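> What follows is each chain in one-letter form.
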Amino acid sequence: QQPVQSPQAVILREGEDAVINCSSSKALYSVHWYRQKHGEAPVFLMILLKGGEQKGHEKISASFNEKKQQSSLYLTASQLSYSGTYFCGTGVNNNDMRFGAGTRLTVKP
Amino acid sequence: GAVVSQHPSWVICKSGTSVKIECRSLDFQATTMFWYRQFPKQSLMLMATSNEGSKATYEQGVEKDKFLINHASLTLSTLTVTSAHPEDSSFYICSATQGPGGGYTFGSGTRLTVV
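So the protein lines, in turn, are chains E and C.
For what it's worth, this note's numbering labels the leading residue of the first sequence as -19, then goes sequentially.
For what it's worth, this note's numbering labels the leading residue of the second sequence as 137, then goes sequentially.
Looking at chain E on its own, in the form it has when it is part of the complex:
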């Protein structure tokens, strides 16, 4: 079953923050986050495995709620390079990864 992502699209000015949400109707084994730029393959951002886990790299971070049914991706002080489509992915035992519909992020100067 595919996770549900929101919002579908967001437009930001450079330096602004954004939050992308990913939810499931049942508990998840893990949540992955990827970014895909137009015409390219998705690039792995991070994986969360434990309920309550939070992690980040530079100004992009993510959380995985206690009940393991929702994850959020936080982009702080966005940069032009953050533009792209963000996908969350979920699977059972890290196999058969299924992706949400994606959130198209556009960062403008």
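Simulated from the structure, these hints should not be mistaken for lab results.
Among the hints, erroneous ones may be present.
As the list claims (entries may be wrong) - Computed footprint of chain C on chain E; a stretch qualifies when at least three of its residues, placed anywhere within it, have a C-beta under 8 Å from a C-beta of chain C: (1) 15 to 24; (2) 77 to 83.
To be verified - Some chain C residues judged to face chain E by a derived CB distance under 8 Å, without partners named: (3) F170; (4) S179; (5) G239; (6) F242.
Stated by the list, open to error - Calculated pairs, BS3-like style, for lysine-lysine (alpha carbon to alpha carbon, straight line, at most 25 Å): (7) E:K30 - E:K6; (8) E:K17 - C:K177; (9) C:K191 - C:K202; (10) E:K88 - C:K177; (11) E:K35 - E:K47.
Just so you know, these numbers come straight off a predicted model, no measurement behind them.
Glycine included, C-beta positions come from ideal geometry on N, C-alpha and C.
Got chain E; can you put chain C on it based on the hints?
Chain C only, in chain E's frame:
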């Protein structure tokens, strides 16, 4: 870091012909690889899970006789689109993971155009 090589990057073929796409894990062994298809502005849809030394597992609605998957070694999986038709035109992407708890590494994708 883990690298997955996929080729060709693009291919144009005539309707009715077959096309083979290769996916290689360059610096790690992958007993399992995954094949996805992505239509423009849409999400990645899992087509099948490729298992080294055994039959692939196909998602519901994916024709296994049309999309032949062979995972002959721990570093190579191939997807052959047989008797391709224009509706098969899409972006095909493979991926692999180094193990439980790891992220997926994607190949660069293959854009297939059937004319």
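> Give a verdict on every hint.
Hints, one by one, checked against the model:
1. 15 to 24: The restraint on the stretch 15 to 24 of chain E holds, since 5 of its residues have a Cβ under 8 Å from chain C and three suffice.
2. 77 to 83: Coverage by chain C holds here, the residue count being 6 at a Cβ distance below 8 Å.
3. F170: holds (7 Å)
4. S179: holds (5 Å)
5. G239: holds (4 Å)
6. F242: Holds - the Cβ of F242 (chain C) comes within 8 Å of chain E, reaching about 4 Å at its closest.
7. E:K30 - E:K6: holds (15 Å)
8. E:K17 - C:K177: holds (11 Å)
9. C:K191 - C:K202: holds (14 Å)
10. E:K88 - C:K177: Holds, at about 20 Å.
11. E:K35 - E:K47: holds (17 Å)
Hint compliance for this structure: every hint is met.
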